[in-house]
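Residue numbers (this note's numbering), protein chains in the order written: chain V, 1 to 132; chain X, 1 to 725.
FYI, nobody ran anything at the bench for these hints, they're computed from the structure.
Watch out, some of these pointers could steer you wrong.
[What the hints assert, rightly or not] Which residues of chain X face chain V? A partial, calculated answer using Cβ under 10 Å:
#: 1; residue: 12
#: 2; residue: 13
#: 3; residue: 16
#: 4; residue: 17
#: 5; residue: 21
#: 6; residue: 37
#: 7; residue: 39
#: 8; residue: 41
#: 9; residue: 42
#: 10; residue: 45
#: 11; residue: 52
#: 12; residue: 104
#: 13; residue: 106
#: 14; residue: 108
#: 15; residue: 110
#: 16; residue: 111
[To be verified] Just the calculated beta-carbon pair ranges, DEER-fashion:
#: 17; chain 1: V; residue 1: 50; chain 2: X; residue 2: 191; range: 53 to 61 Å
#: 18; chain 1: X; residue 1: 7; chain 2: V; residue 2: 72; range: 38 to 46 Å
#: 19; chain 1: V; residue 1: 40; chain 2: X; residue 2: 123; range: 48 to 56 Å
#: 20; chain 1: X; residue 1: 57; chain 2: V; residue 2: 40; range: 35 to 43 Å
#: 21; chain 1: V; residue 1: 50; chain 2: X; residue 2: 120; range: 42 to 50 Å
#: 22; chain 1: X; residue 1: 185; chain 2: V; residue 2: 107; range: 50 to 58 Å
#: 23; chain 1: V; residue 1: 31; chain 2: X; residue 2: 180; range: 31 to 39 Å
#: 24; chain 1: V; residue 1: 68; chain 2: X; residue 2: 116; range: 31 to 39 Å
#: 25; chain 1: V; residue 1: 107; chain 2: X; residue 2: 189; range: 58 to 66 Å
Cβ coordinates follow ideal geometry from the N, Cα and C atoms, glycine included.
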Amino acid sequence: MDRIPILKLGDFLLVTVQVDMHDRLAMNLQEDLTDKIVSAHARGVLIDISALDMVDSFIGRMLGNIASMSRILDAETVVVGMRPAVAITLVELGLSLPGVRTALNVERGMEMLRATISVYAAEYSEYHGDPF
Amino acid sequence: MSLPIISISIQFEHDVVESRQRARQVAEALGFEGPQQTRLATAVSEITRNAFTYAGGGRAEFFLDGSSVPQLLLIRVTDHGKGISNLAEILEGRYRSDTGMGLGITGARRLMDKFTITTAPGEGTEVVLGKLLPRRAPLITPAMLSKLVTRIEKQKPRTLLHEFREQNRELMRTLDELRKRQDELLSLNRELEDTNRGVVALYAELDERADRLRSADDLKSRFLWNMSHEFRTPLNSILALSHLLIDRADGDLTAEQETQVAFIRKSAESLYQLVNDLLDFAKVEAGKTVVRPIEFKVNDLFGALRGMLRPLLAGSTVSLNFEEADQIPDVYSDEGKISQILRNFISNALKFTQTGEVRVSASHDANRSLVEFHVKDTGIGIAPEHIEKIFEEFGQIDNPIQRTLKGTGLGLTLSRKLAAVLGGSVSVASQVGTGSVFSVSLPQFYAAAKRTSATETLTPEASRQRSVLVVEDHFETRLLYTKMLQDSPWQILSAKSIREAENILRNVTPSAILLDTFLTGEDTFQFLAQLKSDDSTHKIAVLVVTAVDDRSKAMALGADAYAVKPITRQFLLDTLRRLADPPLKATVLLVDDEDVSRYLWKQLLNNPDIRLLEATDGANGLERARMEKPDLVIMDLSMPRMNGFEAIDSMKKDPVLRDIPVLVSTSKILTEEDFRCLAGHVLGIMPKASLSESGIESRLRSMLQPASLEYLVASPETATKGGNR
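Isolated chain X, as found in the complex (with noise of 0.2 Å):
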């Protein structure tokens, strides 16, 4: 009977030690001395070995055999290895080993008191060895066994170098999982490098789109810039030729073909306005609009816009009033861009006004040294959540007044970008049913401000109508004067009293004065005297209107013109440009390679008293002018061969043409470079757009003047007339 003690499967070289120090445990256990001990392990440490190391592995087996003392302890190591070949020869002690000292087996049989060894080439190896209990040693029951098994399993067989695997195991594990973790954090970063990749990529890409829209805003802007340019070269010519159709400068009209044209002629007005709004427009979105600083009186300005707007009231039940503004400092900023500003909001106000009143103030603060405009309706007001609609590019709100009304729905637009570049600000307050308050902010001093002569005295300011005073204390008269000067080139200043005329001609000098000798309870006569005694004001023409004949004393105390009341428009009209246009001659050079504009140029000076030459480049205009000395040459620009800043150029060059007078007149929107080549050079210069515009008359005169050739022009009425005789 054998029992089994423990068993130990050798596969790996470290499982030799274990089966030795296991044979060493069970020795011990078992209650066999030190060295017998050291012997039984000698000898299993040998036998694995040769298992391990011929066979590449096999078990040893442990056994207690025996039910009588002595017991035998038995260690069978088998290995299915292919067997030894030269058994006998080992055994017989004749063989040496190449790793051990040949001495495994025979050594090993030599320590044990039984040994047995059988082998089959193929088959594998079986030893057997026994080793006998101590003689002392009790009889060991199969009870007492279990309880030494269970104890030796207990003792693991733990060395250092064990204990050192176990740690390296562990530490080999962990070097694992870390290096699982790295490469996890590898692809990780692997990941996010690409992640990284597609955001720069994307990055990229919106740049790029961002460039594309940037480019194609540009685009749109120079789109407006030039479009509106090209459109208002045929435009003018609409205009300027319907115009001249209306006033029959070429015979007359049928009643159907006046209302026809007058149509064409509304229709193009219309488009004019909606391509330079367009325009303006663009120029702001360009960063091409230029700031021209002047200073103004802020009652000046009413007063301009009064003249200006009063044809919008016509058949109107509103009134536009304009609060007195006489407490409001002089402002020094572009007087133009804020009337512009104001216009935009008052005819708005007037379209959106049924009933009631549009009334115009002023405010100033003078802390923050800001002036603010207002312009108060009465009309049907601006549902709060439309406010900021209102101001955005063609933002019209759906309503019924709305849809009756036509608009471009870039004025208010417009007017908030003019007032950022005046560096102020445009606000609204409004309630529907009640009203609203249009107001714009502006800097009482234009910031950026820089006086520059040349650009001040070459602006074409449109507000530089001819003025006429008229001192008349009836209000019927006023009326009717004012009525017949309406679309004429003259600005009626009224006054009731000689008082408000001499309050006026403080700050303003008009063309004329139309005066009335009869005025109650006032000395006209006197006024008249002293108007012609005073340095400043003996130039101005006076007209005498009254309902007294009384010519003589009249002429006597100096006015030059004396009418006895009622007056007709056409002898108004007359009077008024003879006195202020004395008949000259003269040769006029017209440089020009547009018909259309050289047509219109001639129509405008359609007077018997100029000789009018043409040339259609700048070389053959220099060769003209050489040959006739003209008192003033009107010079295009843009023109074939060489262009209108060349010829002038040549002009002032040569000491012949050097002095002869220049008007510019261009569709070209001029730069601040363009002006600054012709500062100095050149009278002034007349937009070609302009050209049919109502009192463009007057405008020529004034620009005409510095050089006394005003006479030129004709007011279109006498021009007309002289057309027609």
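With the rest of the complex left out, here is chain V (with noise of 0.2 Å):
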């Protein structure tokens, strides 16, 4: 019932989480992601948690879940406006989010994604070899 509006950017997607978010609401968003990464044939997805000043071990869990499925479908994830007090309190708690990249602000994850994106184009078109 309950869903975080997911934007489509480009080729990026864009979830900005501005509530607290209980458990069912986080795996709607897992999921709703994923079908939308497909759906929109995306190639990054942009997860905007400036407004959450708590992340706990589920949430965090969810964030490097949605960081690995959408690498497996081909779109780079990138968590930004992470606030330091989360952070800290990530660390202390012993999550390190492994495979989650961050950013400071959208704009800064916008860059890397693309930046991302263009390695990973050149690599494919080196790769795969120029026809001409």
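Both chains are given apart, each in its own frame, so use the hints to dock them into the complex.
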């Protein structure tokens, strides 16, 4: 029933988490996002958690899952706008979010995604060779 | 000493979110810094999630512990789940969770200053988290805390999501209500549909009832029609036979017998009248009435009525007066029906008037081209509340006179219906004790008028009596003649002077003229000569009756008969008959399956000069006709084997029989179609009902006139004498 909106921004998807998510909401977001990556042929996902003042182990794990799943679907995930207190707590919790790339804000996150994708594209064409 | 701050029940997923938000609020209120707030909230989130996820719910309670700085914030999370079996493993960090990161308990322990966990399998788990308040924070007294608590409680942990949910819930409630209302509407709709179906069914039932009523009404009309019809045949026989008895056609009757037969006849007549009224009534109801409009003078109509109603006045002190109607223009309508209406009015008026007069008048409204007839009496009158009732079928008013009088109760209803058929209306004005005026207002020209000569010539016209013009200045003598010719086929037209006689002759051609030669101050011989020399009148038989014997002069001037006063009734009737009917020999073929009818005809044609042949059906009749070549065929219509229509048809196709005149005698009520079939092929149609009526002879004669056969029928008196001789 409850859903967090996912916006399409060119090749990327932007998710801005503005409410304190309960667990089901977080699970729903995970499902929606994977569906949307496929249907929108998205190459990157930006998850903005600047509004969250707390990330516990469940949400942390969810972020990690999103990152790994989207990678399998050929999309990079960047989590942006994490508050310092949240980062500290995550570390103290022993949560290092492996495989989740982070950026300071949405702008940086976009740049990061573009760079990554163009590198991939270059690698791709190098590997397959230019037809001419 | 620990002071309670807030307590949260963990039942739903969202309560986990509320717990951690409350933890943050409490931490903020107690003076914890930002990162500490996050730590607290995160730890509470981990532990309450465990309680919700593994134990299905529990409770989170916040306390402030300690009476000196630093105080301790305690959070106790309890549940009543299965307990944790592998606590040691978890605490050592060796456990991998498949929901979180397996870090919930250990992480929380790491984040807090104090952490105790007690668990027993099947009894639940209690986790107490403790965090020391910041060193710089002031000591919080119970009073301060209660203020803080009020503030925290006011701060509802409202998140957008919460709001959203609240609205959602509201929406759900509204939706629910809407659904309920829709259900209600649906059931209402169903109810309405049921009602509707009921109404439709009811309508169908009403329709059915109406149909049944219509068919019942139809049946009533048909029953009336058929019944009346069936009644007429035996009644005709009773009437005719009693008539014969009274006329002593078969020997004398004793005085007692005569009275009895007269009663039989009288009863039969009133029954016959009733049946006829019913039949007329049924005819109008069934729409079978045929209007046969002709052009006629109102004065003639009044004359005929006067003659017809005279018997009703016998022994009465009431006088019946007809006003002159010279100024009324000719009317084109059904004279027979108007006559019937007026007869009803007049006989009614006579019935309810004991002294005074009944006055009949006519008026004409040129603007609307309406003719109105009024019958005014000086009788008992009708109370206003009864006026409508007298027009109802069988409606009669209860009053002393009424009780003594018999009537069918159909007369006025029938009059009204007949008037409606002619496009007019009937009205009545009345005052109790003073009298009533019954009026019928009719269009001067019958609207749906369409002249068909066939029906006109075939109409068995009741008023076609033979007339005799009596020219006599002496009132008593005129009255005497009137009495003599009462109940005879002769209708009297009287004139006091030659001028009056001439006036009458201009309009009417009587069969005979009874002329007194001694009129004061007038030359009657001159008038006789004039009559006999005029082409239009020279055929009229003239009987000269005078007080002065001057036979040769009268005969020389062309008188057909001569007599000296006083004359007897028998002489008058015989002479009139002789003058009008010269005898000849003739053969008449009677084709009828009914014995009674044949018998009646035989009586009617009881004339030694007639050879009467009989046949009992059409085929037999045709055979005899070919053999005998009769001068006249009298044909019944409804017969076995070959009916009258077929027989007449065959005759008209046969070159030998084609020219034999045919007279139809039937008790069938003829339709327009029947009339068309017969038109041009037959001399006339004689309803069997009229075979017993007085005056039948003259009617028959006028019908036979075109074939010059009128001599076949004798006037009743002479016929009777002939039979006795």
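Point to revise | Violating hint indices (sorted, rising) | key: Every hint satisfied by this model.
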